[in-house]
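Peer 1: Quick mapping for you: the protein sequence lines, in order, are chains A, B and C. Numbering-wise (the UniProt record's numbering), the first sequence opens with residue 1 and increments by one. Numbering-wise (the UniProt record's numbering), the second sequence opens with residue 1 and increments by one. Numbering-wise (the UniProt record's numbering), the third sequence opens with residue 1 and increments by one.
Careful: at least some of the hints might be erroneous.
[Claimed, not checked] Once the Cα atoms are required to be at most 25 Å apart in a straight line, the calculated DSS-like pairs of lysine-lysine come out as: (1) K88(A) / K88(C); (2) K71(B) / K6(B); (3) K54(C) / K31(A).
Hints listed in this document are in silico derivations from the structure and should not be mistaken for laboratory results. What you are looking at is a predicted structure, and each value in this text was computed from that prediction instead of being measured.
Listed below, chain by chain, are the residues.
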Amino acid sequence: MDKDKQIMSNQIGYLILKDDGSLQESGGDLKNDERSANVIMGLINLTESIDDNFMPNSSCERISIDYEHHSYSICMSNRHIYIVKLSKGHNGVTTSSSSTSVYNDANTELNPSSTSSTTVLA
Amino acid sequence: MSDDIKKYFNGLLQKVSGLYVIQITDRDGVPLLRVSHSQEKNVDFALMPSFIPTFTTACDQASKLGLGRNKTIISMYSNYQVVQMNKLPLILTFVGAEDCNTGHILALEHQVDGYLEDIKLAVTEP
Amino acid sequence: MEQQLEKVLSEIVTQQDTVGALLANRQGLCLGAKGNINPNVSGIGTAISEQVAKLEPNSTVPATVCLYSGNKRCLIQKDGEITGIIYKQTTTASTSIGN
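Assemble the whole structure, with the sequences as input and the hints as a guide.
Peer 2: Below is the structure:
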């Protein structure tokens, strides 16, 4: 994996997609994983309109998918879709707060133009 | 505008996996809009002259059960499922695979209402 | 017949921050709902869980999906025939994260 894209020690793969679903960057477990990219694009399309009374349409800013030993975190920002695959450490789980911080870091790392981590979270 | 509506319904068709056709007709079965997966199963039966009038009749009969006006009829077959909605003067018909997500199709109902209003206007205008 | 189901749903909605809970079958039809949740969500919820199941088809343990929007969360898990959907809302508006 590209060393410069390794943001967390427990990161085992990442994907960066454009909003049309085309693969822009990838690495680790998810290197050139177009299949996963397509599945996730399908998932994002589905999440656009869940329940207008609970979550306004297209207001979902982050999606996490948790498995027993690893998890995915998906973030939409700046017309791009960032996906990281994280392994769960021996001592416990990847908590939601830690994966958020990954994303804030990831966005600033990957978008040199971004000035602060709070502005990039759409 | 027609292109807009067609595009929207094509999007819906893509969203629900296993859905073959969405069609909008009047109560006699005259097609107003139809979107389908060209490569998928042949579901031309949904446009047969007897198909929609049969639903209209069934719907009218079901309305006489004393439970109020009938809104939707779901028909399950070994290879297909057909969901028909009474949106008079329009009839909305969905044809999908037997294992298609029925709940998802039903949830589309309130989403399409806005678009149906446009078509209704076109139908009722003299 | 659905007493067990009702019991489980009642238990879920008494948990902290839980707004509503719903169970759906494979067809995306609502089996039961408790709390403030629209039964029509069963269809899209099942669709999401089926889509996520495609991500790792070989996984034996079902994945849990969580959608975040502000202080609201929507949890979806599919186990075999049944999909469960839970709405959560944290009361502290200062942070979007809470457990």
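Peer 1: Does each hint hold? Answer for all of them.
Peer 2: Hints, verified against the model:
1. K88(A) / K88(C): holds, 24 Å
2. K71(B) / K6(B): Given that 25 Å is the threshold and the Cα spacing comes to 24 Å, the pair holds.
3. K54(C) / K31(A): holds, 18 Å
In this structure, none of the earlier numbered hints is contradicted; all agree with it.
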